[in-house]
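A.B. asks: Listed below are the residues making up each chain.
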Amino acid sequence: DAKTTQPPSMDCAEGRAANLPCNHSTISGNEYVYWYRQIHSQGPQYIIHGLKNNETNEMASLIITEDRKSSTLILPHATLRDTAVYYCIVRGLYNTDKLIFGTGTRLQVFP
Amino acid sequence: DVKVTQSSRYLVKRTGEKVFLECVQDMDHENMFWYRQDPGLGLRLIYFSYDVKMKEKGDIPEGYSVSREKKERFSLILESASTNQTSMYLCASSSLDRVYYGYTFGSGTRLTVV
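Listed in order, the protein sequences are those of chains A and B. Using this note's numbering, read the first sequence as starting at 46 and increasing by one per residue. Using this note's numbering, read the second sequence as starting at 76 and increasing by one per residue.
Bound-form chain A, shown alone:
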């Protein structure tokens, strides 16, 4: 079973920041938080990952709380092309640790 909880859907106006929350209260010390997204009719796409520090790349920022029980993915200036299902996943460091998807958050960006 997925070890994360996400809201099923969210809306965001184009050009505004989209903040997608994720709860992972049972995360263990050696587990990373990963975010993927899936645009309609495509395979999931890796966005970002983090352990305990905040992370930023060209796609998004990831804010992880100090107790690591929750995180927020931030798309700073959402566009219509960011409309997708966003998955928050907790996964260990080892190669044998599997990527287990939940049902994600469906983000709708509107004009």
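Calculated from the structure, these hints are not laboratory results. Note that the structure is a prediction, hence the values are computed from the model and not measured. Idealized CB from N, CA, C, for every residue including glycine. Among the hints, a few may not be true.
[Unchecked claim] In silico contact screen, one side only, chain B against chain A (beta carbon under 10 Å); selected entries: (1) 90; (2) 115; (3) 133.
[As the list claims (entries may be wrong)] Below, a list of computed lysine-lysine pairs in the DSS-like style, where the Cα atoms sit at most 25 Å apart: (4) 143(A) to 146(B); (5) 130(B) to 78(B); (6) 78(B) to 143(A).
Since chain A is already given, all that's left is putting chain B on it; use the hints.
C.D. replies: This is chain B only, laid out in the frame that chain A set:
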């Protein structure tokens, strides 16, 4: 651009047929995975492989088998297709050395069994 390529975008097969879904990656990744995706159930792991000729069962292996004879190719086999195997099938790969950097997925094969 690195890629995971699935041989067919859409397939229609008859019940009882043997079906092969092919996946090829050009990133020299050690790990390869097969998922299926169904509405309301999300992505579920069927089989995965960490090396040539190695395979491990995922969460829903029943009715499926896999083959990995070459590093770049991972095939999913439906021995006798059934209607409940109608689904979107997604292949993915990842690097052993750079496991932190996530999986790369193909675009998927939408299989309909009639």
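A.B. asks: If a hint holds in the structure, say so; if it doesn't, say that too.
C.D. replies: Now the hints, each set against the structure:
At its closest, the beta carbon of residue 90(B) sits 25 Å from a beta carbon of chain A; the interface hint therefore is violated under the 10 Å criterion. For residue 115(B), the interface hint holds, since its Cβ comes within 10 Å of a Cβ in chain A; the closest pair sits about 7 Å apart. At about 7 Å, the closest approach between the beta carbon of residue 133(B) and any beta carbon in chain A falls short of 10 Å, and the interface hint on this residue holds. For a cut-off of 25 Å, the pair hint linking residue 143(A) to residue 146(B) stands: about 19 Å separates their Cα positions.
For the given pair, residue 130(B) sits about 22 Å from residue 78(B) by alpha-carbon distance, which is consistent with the 25 Å threshold. A distance of roughly 21 Å separates the Cα atoms of residue 78(B) and residue 143(A); the hinted pair therefore holds under the 25 Å criterion.
Violated hint for the displayed structure: number 1, the only one.
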